[in-house]
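A.B. asks: Each chain, written out:
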Amino acid sequence: MAFRLTPHERGFYPLFTRAAENIVVAADELAKLVAAEPGARPEIARRVKDAENAGDELTHEIMVKLNKVFVTPFDREDIYRLASSLDDVCDAIEEAADRIVLYRLGPLPPGVDAQVDVLQRAAARTVLAMPGLEKMAQLQEYWIDVNSLENEADEIYHRVLAGILSPAEPITDPAAVLEAIKLKEVVDTLEEAADAFETVANTVESIAVKEA
Amino acid sequence: MAFRLTPHERGFYPLFTRAAENIVVAADELAKLVAAEPGARPEIARRVKDAENAGDELTHEIMVKLNKVFVTPFDREDIYRLASSLDDVCDAIEEAADRIVLYRLGPLPPGVDAQVDVLQRAAARTVLAMPGLEKMAQLQEYWIDVNSLENEADEIYHRVLAGILSPAEPITDPAAVLEAIKLKEVVDTLEEAADAFETVANTVESIAVKEA
Amino acid sequence: MAFRLTPHERGFYPLFTRAAENIVVAADELAKLVAAEPGARPEIARRVKDAENAGDELTHEIMVKLNKVFVTPFDREDIYRLASSLDDVCDAIEEAADRIVLYRLGPLPPGVDAQVDVLQRAAARTVLAMPGLEKMAQLQEYWIDVNSLENEADEIYHRVLAGILSPAEPITDPAAVLEAIKLKEVVDTLEEAADAFETVANTVESIAVKEA
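Protein chains in written order, with UniProt numbering: chain A, 1 to 212; chain B, 1 to 212; chain C, 1 to 212.
Simulated from the structure, these hints should not be mistaken for laboratory data. Treat the hints with care, since some could be wrong.
Pairs count within a copy or across copies, as identical chains cannot be separated in the list.
[Stated by the list, open to error] Computed list of lysine-lysine pairs in BS3-like fashion (alpha-carbon distance at most 27 Å, straight line): (1) K210 <-> K65; (2) K182 <-> K32; (3) K184 <-> K49; (4) K65 <-> K135; (5) K32 <-> K49; (6) K65 <-> K49; (7) K210 <-> K68; (8) K135 <-> K68.
The shape of chain A in the complex, shown without the other chains (with noise of 0.2 Å):
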């Protein structure tokens, strides 16, 4: 069965778009946060927490029309939980950044770059799939390439992971060892991310099974 949709009920579509936009943004300032010298971390940091707000306008705003339309595109539990998954995103690239700073830490070590690389590739693609929506096209694609990027951040994750905890020259030093557990938890948030990347294509997923 086929439903026109007014303007008001379609402007769901270009708010997903531009939430997804935003993480793009949020995504490119951390990577450039994991690659800058530590001193010039807080200001890219702040870039961070900006993206971050913004999304959290655009989640508001997606939630308002939400409450407000009588007919919306698909269930509105699905629109909510887009919504949502989209934000959980962004809150975990801001924390990480956030993180990063708050903890003072010193050079990152190898791989945290690689999970930042996969966060960006995921926040690509995700604002490629977001017009689909509206056409309910090629979102199977996406589903994939999302959980093929989730598989490659949770190797690099696990390396990295080791790498910290469980060095091949063991950790003698009162003040390394509380660096290895700030390093843990920044690259647990930064897994977060990559996780939250696959509930947004999850989402989307069960919004196309029940379109189809």
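The hints should help you fit chains B and C onto chain A, whose structure is shown.
C.D. replies: Coordinates of chains B and C only, in the frame set by chain A:
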């Protein structure tokens, strides 16, 4: 226990108010625990646990009512989310109290009392707001207030965490590293409680927009 | 893969039973892993991972069915929550196994085996309960049993955690601090698995009340 002879669907409102009042009790006991000598903590923690149990029963009562009544004052999902988010606040407060005792922590660092003070104010503000659900009155003010309290909590949390993990005097003792990790988990849990108040307020806002 | 020609709406019940049976497999493998010599752990962890993958496929099958059928035996949201919560149990069990291997942990402290034993009993109890969903029979007993198992798990968890973080002999070695932090995360994850069983039971209770 006396039940009011109101129509079924109105029965939700007093339950939400009671759940919020119960959070005030939990937060007030937590404030006493944080101010007490370590030796006095276990007994106070038991009273926080009692409040959490009372909260569990209220949540259960709301869920049973939700599943039994045919007409609800607002969306079932919103009632579910509001009850769950009030429960999450109580759980986080109890977990913080539990950890302080379980980890046999020594004196708590400055700022933990300020974190708990924000929780007490957020709890009091939430109690005030609950009757507004029935009249759909002054909910916007509540939402703004809780968001402002959450920002305050966030700033305190960052300051306390930096003090614990990156103190002016570098940590050189293994036992001090372990103590820092334990403290970090307590202040993380207090921050989760502050975030959970924001989720309550967001749910209320979502209901208010829908009913407007 | 062959599909049985049962009415659509009945197809959910065997999937829930299979998801619960799969959790039994995962929990049993985890018990073997916890009892094994460190050198034998990676191979057993791979079998836990296999069970988690099988669980993911079952969850996916339930979600696809949920989105395709028009009539469901109970609320769509309840089916979604039940499938998600069964999946969360399996994820937590797999994460615990993964961490034990990834962190290259030495001998596990007493009590970890008791935590896993509770998980095995909760899994077996959950399998028994699933057919009751169709007949709406004996679900209250299941809910009471799982809550009692969760209380047992909670007591063991507190005892194990206190032993790890506040041992009789103070920790004086940096490497021992790091080992304690790693162990803490494993027992935290086992406690999450126990909590996840309670969420499954709460969801079942919520369905039972609604259908009563």
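A.B. asks: All hints, please: hold or fail.
C.D. replies: Verification of the supplied hints:
no.: 1; hint: K210 <-> K65; verdict: both (22 Å within a copy, 9 Å between copies)
no.: 2; hint: K182 <-> K32; verdict: within (20 Å within a copy, 31 Å between copies)
no.: 3; hint: K184 <-> K49; verdict: both (21 Å within a copy, 22 Å between copies)
no.: 4; hint: K65 <-> K135; verdict: both (21 Å within a copy, 22 Å between copies)
no.: 5; hint: K32 <-> K49; verdict: within (14 Å within a copy, 35 Å between copies)
no.: 6; hint: K65 <-> K49; verdict: within (24 Å within a copy, 40 Å between copies)
no.: 7; hint: K210 <-> K68; verdict: both (23 Å within a copy, 6 Å between copies)
no.: 8; hint: K135 <-> K68; verdict: both (24 Å within a copy, 19 Å between copies)
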